[in-house]
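2 protein chains.
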Amino acid sequence: MLYIIGIGPGSNQKMTIEANNILQKVDVIVGYKTYLKLIKDIISQNQITYTSGMREEKDRIEKAIEYTAAGNKTAIISSGDAGVYGMAGPVMELITKKNYQIDVEVIPGVPAANAAAAVLGAPLMHDYVTISLSDILTPWEQIKKRIKAAAQADFVTVLYNPRSSRRKKQLNFTKEYFLDKRSPETPVGIVRNISREGQEKLLTTLEKLPLEKVDMLSTVIIGNSQSYISEGKLITPRGYNL
Amino acid sequence: MLYIIGIGPGSNQKMTIEANNILQKVDVIVGYKTYLKLIKDIISQNQITYTSGMREEKDRIEKAIEYTAAGNKTAIISSGDAGVYGMAGPVMELITKKNYQIDVEVIPGVPAANAAAAVLGAPLMHDYVTISLSDILTPWEQIKKRIKAAAQADFVTVLYNPRSSRRKKQLNFTKEYFLDKRSPETPVGIVRNISREGQEKLLTTLEKLPLEKVDMLSTVIIGNSQSYISEGKLITPRGYNL
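Chains as they are written, first to last, in the UniProt record's numbering: chain R, 1 to 242; chain L, 1 to 242.
Chain R with its partners taken away, still in its complex shape (with noise of 0.2 Å):
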């Protein structure tokens, strides 16, 4: 069996009592690097780690399908849900493809996105879009048509991947449109390192939102036009009569 875990979003304690279980009885445990240090803790010196860099995915899963293939119970980790923008879908896509007789299993974790609001506040209490800036898999044409239906049609808005060194273009269309469309007053939360050491959060306005602040460790949530900020905390109201 080759499990497909998400570890959540950093720290152990934001890991499902599930992933914990499975984590400690497998044989192989397959990882990008960053992420096999966060479950450090778990792992015994009886099970087999296997590593590699970032975008070496198809490497991981090559391996961990091998390791399973071979008899070994093995894991596959993603930081937050392995299902959001992790290793659930490649795993999935290559077993399928090259047909593989292999049983997989996703064990669901919480995901950064779910992690950056409660940091935050609620900010995701009403119907939100979970965003991608990165254009190494999407053509940007697309990833623009999502922002432009996001801020039209007044979705609270989470940004992975929302800017890094080489790319920073992405952000810069995505405030300039929303500010377009929303007030520049409507609040923005951003959230650095969620849940691991160094956890930064900054909660600030569309037209003040720090552009050069972010970076591929931050997640951005965008508020609706009914989102408020009080006490420190990013609201999106749902309509209760309170």
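One thing to keep in mind: the hints can contain errors.
[To be verified] Calculated lysine-lysine pairs in the DSS-like style (CA-CA distance at most 25 Å, straight line):
id : chain 1 : residue 1 : chain 2 : residue 2
1  : R       : Lys145    : L       : Lys97
2  : R       : Lys148    : L       : Lys144
3  : L       : Lys148    : R       : Lys144
4  : L       : Lys40     : R       : Lys145
5  : L       : Lys145    : R       : Lys145
6  : R       : Lys201    : L       : Lys97
Think of the hints as simulated: they come from the structure by calculation, not from any bench.
Please build the complex by placing chain L on the supplied structure of chain R, with the hints as guidance.
Okay, now just chain L, sitting in the frame of chain R:
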């Protein structure tokens, strides 16, 4: 301190370690009765519990605030993630409105959408929206606008509260509108009683989506234009070169 806790979709196995630890140490646990039942194995005889029925959120929040103000460590619970159509928002709204001096902390959980996705395969692997079809707290015109935007911009679309015995037109409209924008073969997954006794899953297509089988215990996930079903899994590819 008032903890607003997402207990995950159902089984305590899918609760975070943090949520479990806090639930064991608090003096008072407040929650809708179905959710208190889900965590009955965690609650000890020394703890006070307070429950009330559906749509009595305000009553529960006031009770939780009362207990907290009286010096009790208190938890108020939601299923899934408390920040997604859960208690995090209304608790903070009420505290803000009444200007209560109470510390709150949101403990995130695995949302129903992500737990349903794990049961189905890997449908949320690309940009997705969550939309609640309930028109109790949100005008239907606003919901409709968001359904249209989601369909037009090719988002994977998760429907919460999709259909009840008294409310059927919202899901009918969604199906018809999506059929107008996406192929009738677009895969759709439905999970009922996620991670609870009697969990059921159904893989189907937009065209064949059986409206009458969908109820308030169901979560519906509509794939994007690239999603496919293979070996009983609903998969949305993300563009990896595999």
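task = Sort out whether lysine 145 of chain R lies within 25 Å of lysine 145 of chain L, counting only the CA atoms.
result = holds (16 Å)
ask   = Given the hinted pair lysine 148 of chain L and lysine 144 of chain R, is their alpha-carbon gap at most 25 Å?
value = Holds, because 17 Å separates the two Cα atoms, which is no more than 25 Å.
ask   = Between lysine 40 of chain L and lysine 145 of chain R, is the straight-line Cα distance small enough, at 25 Å or below?
value = Measuring from Cα to Cα gives roughly 46 Å; hence the hint is violated.
request  = Take the C-alpha atoms of lysine 145 of chain R and lysine 97 of chain L, compute the straight-line distance between them, and say whether it is at most 25 Å.
outcome  = violated (37 Å)
inquiry  = Check the hint pairing lysine 148 of chain R with lysine 144 of chain L against an upper bound of 25 Å on the C-alpha distance.
reply    = holds (17 Å)
task = Take a quick look at whether lysine 201 of chain R and lysine 97 of chain L sit within 25 Å of each other, Cα to Cα.
result = With a Cα-Cα distance of about 24 Å, the restraint between lysine 201 of chain R and lysine 97 of chain L holds, given a limit of 25 Å.
Of the hints listed earlier, those the structure fails to meet are numbers 1 and 4, in rising order.
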